[in-house]
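First residue of the sequence shown? That's 3 in the working numbering, and the numbers climb one at a time after it.
Warning: the hint list may mix true and false statements.
[What the hints assert, rightly or not] Ranges between beta-carbon positions, derived for each pair:
no.	residue 1	residue 2	range
1	Gly148	Ala177	18 to 24 Å
2	Arg161	Ala205	27 to 33 Å
3	Asn107	Ala201	19 to 25 Å
4	Gly15	Arg192	27 to 33 Å
5	Glu128	Leu150	21 to 27 Å
Rather than coming from a laboratory, the hints here were simulated on the basis of the structure. Yeah, the Cβ is synthetic: ideal placement off N, Cα and C, and Gly gets one too.
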Amino acid sequence: MAFVVAVAQRKGGAGKSTVAATLATTLALAGRRVTLLDTDPQQTLSHWHQARQGRPQAAPLHFEAPSGWRIPATLGRVASESDVVVLDTPPHADTDSRIAMRAANLVLVPLQPSHADLWAMQATLEQAAAEHRRVALLLNRVPSSGRLRQEIAAELARRELPLLEPVLGNRTAFATAFGQGLGVAEAAPRGTAAAEARAFAQAIEQMAGN
Numbered sequence: 003m004a005f006v007v008a009v010a011q012r013k014g015g016a017g018k019s020t021v022a023a024t025l026a027t028t029l030a031l032a033g034r035r036v037t038l039l040d041t042d043p044q045q046t047l048s049h050w051h052q053a054r055q056g057r058p059q060a061a062p063l064h065f066e067a068p069s070g071w072r073i074p075a076t077l078g079r080v081a082s083e084s085d086v087v088v089l090d091t092p093p094h095a096d097t098d099s100r101i102a103m104r105a106a107n108l109v110l111v112p113l114q115p116s117h118a119d120l121w122a123m124q125a126t127l128e129q130a131a132a133e134h135r136r137v138a139l140l141l142n143r144v145p146s147s148g149r150l151r152q153e154i155a156a157e158l159a160r161r162e163l164p165l166l167e168p169v170l171g172n173r174t175a176f177a178t179a180f181g182q183g184l185g186v187a188e189a190a191p192r193g194t195a196a197a198e199a200r201a202f203a204q205a206i207e208q209m210a211g212n
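Produce the complete structure using the sequences and hints provided.
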């Protein structure tokens, strides 16, 4: 059965859809059978997937955009045919978000190194706890310099929250690849951003094995 990752963050602008696409494409490039599900009514990943069509760099992955009661049925169907299922969830605590979390083995919470993201993620953590789901935090859009990253990481450590060691930097390569319907490891495989994506995907795979 597949390892199911729900990418969730109540605050908009944390890069949730880009993180989901980055994880899915990086794992697909590594030869994993990946399903990517867009359960967000904004359908950002659905537009991304349309842009992906015909791209020679695109690794094969399965994509669907279920919502509401269709989410568990879709997961039940694709789980036996996938190694990993990645879900992009709505950026607020609605029914679809709860359904997606309930079906996940891991709730992945991306946050920028900012106090606003730190405060906003609390609702997501509470929702995951209510569903008794395992959680991992990912620092995303991390600037190359400044003390804020260390401050936020220290606060997460103080709270004993599970922060992934790899981070995704604030690099234009992520946004450029996303706009092309690709993951950064597909679009610019030799770049620093692709190396970060591979480290991130490896960390998730390690969690899947534990």
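| message | For the hint 27 to 33 Å, verify it against the beta carbon of arginine 161 and that of alanine 205. | response | At 20 Å between Cβs, range violated.
| Using the C-beta atoms of glycine 148 and alanine 177, is the stated range 18 to 24 Å upheld? | holds, 20 Å
| field | Verdict for asparagine 107, alanine 201 (Cβ pair) under range 19 to 25 Å | value | This hint holds: roughly 20 Å between Cβ atoms.
| message | A range of 27 to 33 Å was offered for this pair. Does it hold for the Cβ distance of glycine 15 and arginine 192? | response | For glycine 15 and arginine 192 the Cβ distance comes to about 29 Å; the hint holds.
| Supplied distance hint 21 to 27 Å, evaluated on CB atoms of glutamate 128 and leucine 150 | holds, 24 Å
Hint violations for this structure: number 2 only, all remaining hints satisfied.
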